[in-house]
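Below, each chain spelled out in residue letters.
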Amino acid sequence: MDVLLFGIIAERAGTHRLQVEASSTAELKRQLGARIDGMETLSYALAVDRVIVNDDVPLSGSEEIAVLPPFAGG
Amino acid sequence: MSEPRTHSVKDIFVDGPIDPAFVGTSIAKHATRMDIGAHEIFLGQVRADAVAGADDHPPAATVAAIEYTAYRDMALERMTAIREEAFAKWPSMTCLHVHHSLGTIKAGELCFMVFTSAPHRMAAREAVAWVVDRIKAELPIFGKEILSNATHLWKRNS
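From first to last, the protein sequence lines stand for chains A and B.
Quick note on numbering: the first sequence equals residues 131 to 204 in this note's numbering.
Quick note on numbering: the second sequence equals residues 10 to 167 in this note's numbering.
Keep in mind that the hints were calculated from the coordinates and are not lab data.
Hints may be right or wrong, so weigh each one.
Capping the alpha-carbon separation at 20 Å, the derived lysine to any residue pairs in SDA-like fashion look like this [unchecked claim]:
#1 B:K19 / B:V141
#2 B:K145 / A:K159
#3 B:K153 / B:G46
#4 B:K153 / A:A140
#5 B:K115 / A:G204
#6 A:K159 / A:G204
#7 B:K153 / A:L134
#8 B:K153 / A:K159
#9 B:K145 / A:P188
#10 B:K153 / B:R130
#11 B:K98 / B:K153
#12 B:K98 / B:G46
Chain A is faced by these chain B residues, among others (derived, beta-carbon under 7 Å) [what the hints assert, rightly or not]:
#13 K19
#14 F22
#15 F31
#16 R81
#17 P149
Reference listing, derived: stretches of chain A covered by chain B, where coverage requires no fewer than 3 residues with Cβ under 8 Å from a Cβ of chain B [unchecked claim]:
#18 159-165
#19 197-204
The beta-carbon is built from N, C-alpha and C at its ideal position, and this holds for glycine as well.
Generate the whole structure from the sequences, applying the supplied hints.
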């Protein structure tokens with residue numbers, strides 16, 4: 131699945147889009163940790179279909195996934 | 010100008026800074042609305058914060074500009090929900106206009122505008138403060154602070 135990256139996370143990853151295979155958000159987080167340098171030191175939220183999810187939820191692969199660093203609007 | 014209450018998804022994002030003249034034009038557009046008795050406008054301006062150097066040494070640099078990006082689709086969905094909640098909380102509110110900059114906004118330039126109008130001042134005043142807080146907390150907007158020494162930091166709302 132395509133994972134959208136923003137802000138400091140996109141900067142660390144060197145890309146705004148990452149191809150990841152994961153069947154749950156917990157697994158996705160593990161993969162992000164393995165693939166993005168210093169990911170464990172960054173705070174972020176995961177959005178599934180444009181809604182932030184805090185619990186571990188299953189992923190079918192058709193969702194729109196985004197990794198969101200702290201917001202800075204205004 | 011009347012604000013349609015259809016709650017369709019509106020694009021709040023503008024490329025570059027908000028022109029102060031645009032604020033004036035926005036006010037003028039409401040002159041035909043005879044039911045409005047109060048406007049409240051919040052304007053966010055990029056602040057040239059001093060950034061401390063390493064080990065608490067004197068400031069190494071100041072913020073010269075903020076480069077804003079956003080997760081557009083989610084931000085507009087959140088904004089639509091916030092707008093609906095605002096009209097439910099303050100049913101007398103006549104209109105609500107929101108604009109947020111994307112791209113590079115220099116210190117001293119405007120990057121954010123929330124404009125409420127109502128028959129009386131309390132609804133306009135309460136709603137504008139509430140909407141500003143909700144946007145800052147909930148819209149996925151990201152800010153790269155470009156410093157005067159050509160390095161950068163990532164802004165985060167407290």
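> Hint numbers the structure violates, sorted upward?
Replying inline: The structure breaks hints 2, 3, 6, 8, 9, 10, 11, 13, 14, 15, 16 and 18; every other hint is satisfied.
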